[in-house]
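Trainee: As a plain string of letters, each chain reads:
Protein chains: 2
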Amino acid sequence: MKVVRSVAAMSRLAAAWKNCVVLVPTMGALHEGHLSLIDRARRAAGREGTVVVSIFVNPLQFGPKEDLSRYPRPLRRDLALCRERGVDLVFHPDADEMYAPGRSVTVDESLLTGGLCGRSRPGHFSGVCTVVAKLFNLVRPHAAVFGQKDYQQLAIIRRMVRDLNFPLEIIGSETVRESDGLALSSRNVYLTPAERAEAPVIRRALLLAGKRVRAGERDAGILRGVIEKELAAAPLGRVDYAEVVDAETLQPVARVERPTLLAVAAYFGRTRLIDNLVVSLK
Amino acid sequence: MKVVRSVAAMSRLAAAWKNCVVLVPTMGALHEGHLSLIDRARRAAGREGTVVVSIFVNPLQFGPKEDLSRYPRPLRRDLALCRERGVDLVFHPDADEMYAPGRSVTVDESLLTGGLCGRSRPGHFSGVCTVVAKLFNLVRPHAAVFGQKDYQQLAIIRRMVRDLNFPLEIIGSETVRESDGLALSSRNVYLTPAERAEAPVIRRALLLAGKRVRAGERDAGILRGVIEKELAAAPLGRVDYAEVVDAETLQPVARVERPTLLAVAAYFGRTRLIDNLVVSLK
Chain A
57 MKVVRSVAAM
67 SRLAAAWKNC
77 VVLVPTMGAL
87 HEGHLSLIDR
97 ARRAAGREGT
107 VVVSIFVNPL
117 QFGPKEDLSR
127 YPRPLRRDLA
137 LCRERGVDLV
147 FHPDADEMYA
157 PGRSVTVDES
167 LLTGGLCGRS
177 RPGHFSGVCT
187 VVAKLFNLVR
197 PHAAVFGQKD
207 YQQLAIIRRM
217 VRDLNFPLEI
227 IGSETVRESD
237 GLALSSRNVY
247 LTPAERAEAP
257 VIRRALLLAG
267 KRVRAGERDA
277 GILRGVIEKE
287 LAAAPLGRVD
297 YAEVVDAETL
307 QPVARVERPT
317 LLAVAAYFGR
327 TRLIDNLVVS
337 LK
Chain B
57 MKVVRSVAAM
67 SRLAAAWKNC
77 VVLVPTMGAL
87 HEGHLSLIDR
97 ARRAAGREGT
107 VVVSIFVNPL
117 QFGPKEDLSR
127 YPRPLRRDLA
137 LCRERGVDLV
147 FHPDADEMYA
157 PGRSVTVDES
167 LLTGGLCGRS
177 RPGHFSGVCT
187 VVAKLFNLVR
197 PHAAVFGQKD
207 YQQLAIIRRM
217 VRDLNFPLEI
227 IGSETVRESD
237 GLALSSRNVY
247 LTPAERAEAP
257 VIRRALLLAG
267 KRVRAGERDA
277 GILRGVIEKE
287 LAAAPLGRVD
297 YAEVVDAETL
307 QPVARVERPT
317 LLAVAAYFGR
327 TRLIDNLVVS
337 LK
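Protein sequence lines correspond, in order, to chains A and B.
Every position in the first sequence, counted from 1, becomes a number in this note's numbering once 56 is added.
Every position in the second sequence, counted from 1, becomes a number in this note's numbering once 56 is added.
The following block holds chain A by itself, in its conformation from the complex:
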């Protein structure tokens, strides 16, 4: 497994790709969720193809009060996991390599970024789009894999690829969960045992609302109420948002009439967790 730290070296390698290359962009602190993205990348690349994992804690996507400095960075463990999982190349630049002093260019999305996580994290998705555009240009993959847990991010990246004509395919990969339903996240390590015990309430709330849709409920307000009531049962949790939005445009809907996203963000202590469920009528 090759480990590349410089932007120039990455770019040189990418210019010479002959086979199918699939990228898995990560911020490291890899867990089974990431490993399932890597497996998905391998299936897309084929045995002869090249699977590239980028590990970069992107300062641009953290707000001034967020957890940039304490975000976990277990690099040695991450590299061992990548090696075990058959990754061909890890691209692990540092921030000075990625961002020139006086950098002044960003990629911005204006329709899907306003709600959900964009509301409480202004600038976050501009940071995500900008770093992902850079990674696409540096690695020049034929496809890239993103997790569906970060549904809004996945939708925005798809939009960026469409609107800027990036020559690659975006693959969404299913959320991996603990046995009690909690979605895997690098931030789960922040949870105290008591918080960890309560955190699966997010998934339970989403499933309850999903069940109501299957039973015929269409009213978004009622569904939001179902989610909020269930979340309120967890005394350590504080809801950031519980939303019912169109699964494509991410705009709030009054009724479930097309594929619809139920999305939750909630704090447990200082740790912000997200999860989602797509429901449809059929």
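Quick caveat, the hints were computed from the structure, so don't treat them as lab data.
Errors might be hidden in some of the hints.
Stated by the list, open to error - Some chain B residues judged to face chain A by a derived CB distance under 10 Å, without partners named: (1) 155; (2) 158; (3) 160; (4) 163; (5) 166; (6) 169; (7) 186; (8) 189; (9) 190; (10) 191; (11) 215; (12) 216; (13) 217; (14) 242; (15) 244; (16) 246.
Stated by the list, open to error - Only some residues are given here: those of chain A computed to face chain B with a beta carbon under 8 Å: (17) 67; (18) 118; (19) 162; (20) 168.
Backbone N, C-alpha and C fix where the C-beta goes; we use that ideal spot for every residue, glycine too.
Fit chain B to the given chain A structure using the hints.
Mentor: Coordinates of chain B only, in the frame set by chain A:
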């Protein structure tokens, strides 16, 4: 010479490039200035290389009161000129091909865009960056050629390539002029004979100021005064700006101490013309 109108066909062709590809992005209405960019592209691509000219009047870079609808579109003549000049491929999409309904992603530059043309044309450079990023992704050239007449645009595109790591080289190509010094522009056709007779004053004013720098003048205010006074001698002209800025950051300077850009935009009737001169101390 191949003429490609669909985005899908262009992308398919680009995926199969084997040799060196050089792009000349244009809005058509080609004149000798464009043809010199095409010649520059051929020199960069080599005889075996591929020279691609894009012809696309990009609605995103026109303001609501600008000349989008009357911008000249002499397509047949443009194609004939490209053929004569040995262009290999013309990419000529229409606006519906380039912009999906509900498009929501832009590329934005925040440092170089505020002054000069950016002040009187808000949103212009976001439109330029966005379409150029799309063209880079669709055509995947090894290099792209831009004219130095549009100095600010060239500086912003260089910045975009650096900050987003586009894997290509930007080549700046010298301004081509009429014998009386007027910089060639597709907009020159708008000028009445009387306006056309006065328009070379822009170049004269810049050269006068340049002469003063060579004679030892360093004060930006005095140099601006030299330019403005000369421009005032043309009764049909109306100055939009006359600026003395750092040639790299495009920020206003008080004194000429590093390479410095003298830049002018002036209206003759409804027609807005620009030109510039880089001066240095050496």
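Trainee: Could you check if residue 155(B) really has its C-beta closer than 10 Å to a C-beta on chain A?
Mentor: 8 Å, holds
Trainee: Hey, does the residue 169(B) contact hint survive, CB to chain A under 10 Å?
Mentor: Given a least distance of 8 Å, the restraint on residue 169(B) holds.
Trainee: With 10 Å as the cut and Cβ atoms as the points, is residue 242(B) at the interface with chain A?
Mentor: 25 Å, violated
Trainee: Is the interface hint satisfied for residue 190(B)? The criterion is a beta-carbon contact with chain A at less than 10 Å.
Mentor: Residue 190(B) check passes; min Cβ-Cβ to chain A is 5 Å, inside 10 Å.
Trainee: Tell me if the interface restraint on residue 67(A) is satisfied: Cβ within less than 8 Å of some Cβ in chain B.
Mentor: Result: holds, 6 Å to nearest chain B Cβ.
Trainee: Taking 10 Å as the limit, does the beta-carbon of residue 246(B) come near enough to a beta-carbon in chain A?
Mentor: 32 Å, violated
Trainee: Just to be careful: measuring from the Cβ of residue 118(A) to every Cβ in chain B, is the smallest value less than 8 Å?
Mentor: 18 Å, violated
Trainee: If you take the shortest Cβ to Cβ gap from residue 186(B) to chain A, is it below 10 Å?
Mentor: This hint holds: residue 186(B) lies near chain A, its Cβ roughly 7 Å from the closest one there, short of 10 Å.
Trainee: Quick one, is the residue 160(B) hint okay against chain A at 10 Å, beta carbons?
Mentor: 4 Å, holds
Trainee: Taking the closest Cβ pair, is residue 168(A) under 8 Å from chain B?
Mentor: It holds, given that the least Cβ distance between residue 168(A) and chain B is near 7 Å, below 8 Å.
Trainee: May I ask you to test the interface hint for residue 216(B) with respect to chain A, counting a Cβ-Cβ separation under 10 Å as satisfied?
Mentor: Nearest chain A Cβ about 5 Å off; hint holds.
Trainee: At a threshold of 10 Å, is the proposed contact between residue 158(B) and chain A supported by beta-carbon distances?
Mentor: 7 Å, holds
The structure does not agree with the numbered hints 14, 15, 16 and 18 stated previously, though it agrees with the rest.
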